[in-house]
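Engineer: Chain by chain, the residues run as shown.
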Amino acid sequence: MQNHSDHYQQNFALLDWVPLLVVFAVALTYFAAVAILRKKNGNWNKWRAVSFLIGMLMLGAALLPSLMRWAHTDLKGHMVQHLLIGMYAPLFLVLGAPITLILVSLPVKAARGFTALLRSPISAFLSHPVTAFALNIGGMFALYLTPLYMAMHTKPYLHFLAHVHFLAAGYLFTWSMIGPDPAPKRPGHSVRVGVLFISIAAHAFLSKFMYAHLYPINSIHSSEEIREASKLMYYWGDLAELLLLIALFTLWYQKRSSNKLGLGLKTGIG
Amino acid sequence: MNKTGVQEGLFRSMQAAGLVGIGVMAAVDEIIFHQVLSWHHFYDRSTTEIGLLSDGLLHAAELVAIVAGFFLLLDLKRSRSLDKDRAWAGFVLGLGGFQLFDGLIDHKVLRLHQIRYVDNLLPYDIAWNLVGIILLLLGLYLTKRAISKERKKPFC
Numbered sequence: 065m066q067n068h069s070d071h072y073q074q075n076f077a078l079l080d081w082v083p084l085l086v087v088f089a090v091a092l093t094y095f096a097a098v099a100i101l102r103k104k105n106g107n108w109n110k111w112r113a114v115s116f117l118i119g120m121l122m123l124g125a126a127l128l129p130s131l132m133r134w135a136h137t138d139l140k141g142h143m144v145q146h147l148l149i150g151m152y153a154p155l156f157l158v159l160g161a162p163i164t165l166i167l168v169s170l171p172v173k174a175a176r177g178f179t180a181l182l183r184s185p186i187s188a189f190l191s192h193p194v195t196a197f198a199l200n201i202g203g204m205f206a207l208y209l210t211p212l213y214m215a216m217h218t219k220p221y222l223h224f225l226a227h228v229h230f231l232a233a234g235y236l237f238t239w240s241m242i243g244p245d246p247a248p249k250r251p252g253h254s255v256r257v258g259v260l261f262i263s264i265a266a267h268a269f270l271s272k273f274m275y276a277h278l279y280p281i282n283s284i285h286s287s288e289e290i291r292e293a294s295k296l297m298y299y300w301g302d303l304a305e306l307l308l309l310i311a312l313f314t315l316w317y318q319k320r321s322s323n324k325l326g327l328g329l330k331t332g333i334g
Numbered sequence: 408m409n410k411t412g413v414q415e416g417l418f419r420s421m422q423a424a425g426l427v428g429i430g431v432m433a434a435v436d437e438i439i440f441h442q443v444l445s446w447h448h449f450y451d452r453s454t455t456e457i458g459l460l461s462d463g464l465l466h467a468a469e470l471v472a473i474v475a476g477f478f479l480l481l482d483l484k485r486s487r488s489l490d491k492d493r494a495w496a497g498f499v500l501g502l503g504g505f506q507l508f509d510g511l512i513d514h515k516v517l518r519l520h521q522i523r524y525v526d527n528l529l530p531y532d533i534a535w536n537l538v539g540i541i542l543l544l545l546g547l548y549l550t551k552r553a554i555s556k557e558r559k560k561p562f563c
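Sequence lines, in order, name chains A and B. The C-terminal residue of the first sequence carries number 334 in the working numbering, and the numbering is unbroken. The C-terminal residue of the second sequence carries number 563 in the working numbering, and the numbering is unbroken.
Same shape as in the complex, but just chain A:
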């Protein structure tokens, strides 16, 4: 436990603020793009912008040096940080449709290249709900049930990579489920509900398993702390997935309406 806080204090205080600066820069870019789009008489749904801002604020909160310090010593802090980075920020960020913003902001040739990339088989594979699920949940199982957790604590670069993974995997998963950005090869509603169903079950199981068997083991955390942290993981993770489920069915509901209108008047409408 001695070298634990030692190695952390050795870092320059300035480096602690780099992640926040990156977050700020990305947010600035987004809003600059929106402003430019508006000037070109383009439209951008203001609620998408609000959602992206909220997501960025959550990400920023998760990367505050004070929260990082809390997360470093207290598993509860770690959970709060990962819930923000891996579940709640992605939800709001994805709804901000940044990829669509990129597409409409890029010059035509670049936009076409980007679209081609998004339509590629590799992209379809990576952004498939099952792949995203595996990366997301697989990452959690690997982190908490293997020596990876302690390794992450002693090696700052691993810690950084873990954060990046959680953000990327969480974003990818959320996007595969409810991303408003164009996704021509995305599987239908039933497949996504099925994957989310498994994800909810896996997440619930993992947090309860951690509670019962006090994972991550051989860590600096007390049993009491692990139990509190796994409870946070269970309840708040559950809520995040419930929100995702509601968003998923909202999309279904909206699509159903446009389907019905497209087919002309069916029994029941007006």
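No lab work stands behind these hints: they were computed from the structure. Misleading hints may appear alongside valid ones.
As the list claims (entries may be wrong) - Taking CB as the label site, the calculated pair distances span:
| hint | chain 1 | residue 1 | chain 2 | residue 2 | range |
| --- | --- | --- | --- | --- | --- |
| 1 | A | S321 | B | T454 | 43 to 49 Å |
| 2 | A | Y299 | B | G412 | 42 to 48 Å |
| 3 | A | L78 | B | V435 | 48 to 54 Å |
| 4 | A | P251 | B | L481 | 22 to 28 Å |
| 5 | A | S287 | B | Q414 | 54 to 60 Å |
| 6 | A | S321 | B | K560 | 35 to 41 Å |
Every residue gets a Cβ at the ideal spot worked out from N, C-alpha and C, and that includes glycine.
With chain A held as given, fit chain B onto it using these hints.
Structural biologist: Frame of chain A, contents of chain B only:
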């Protein structure tokens, strides 16, 4: 709306609400008896880990049932096919149906789990199934009442 359209709406109202009822009862069961009281898991015939896994699946299923059923009801409401009386009847039938199915099939036929692992299980079984039966009877009564109300209404 034609007659079959109306009847379809009535049945769908019960179906969607029934789904919500099943989900809600499963949630009540899971939260109170699995989590708070820790009396049993859904599948108790293997290790505790498998029990936890089965509870995770149950939890996921109840959430999906509640959300799906809710949005199905919203969809019916939007297309003016939602019948509130039938929906309430369906909801209560869902509550009771799940309870009784669990009490008889899960506990006694499939023997996936028991309510509580005590010597005198009988009072628990009786209470559980009694609640299920009462809810089912209430649901049937509500259905009957909805039907008699419909008979008095002219067709639109």
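Engineer: For a quick check of understanding: which of the numbered hints are violated here, in increasing order?
Structural biologist: 6
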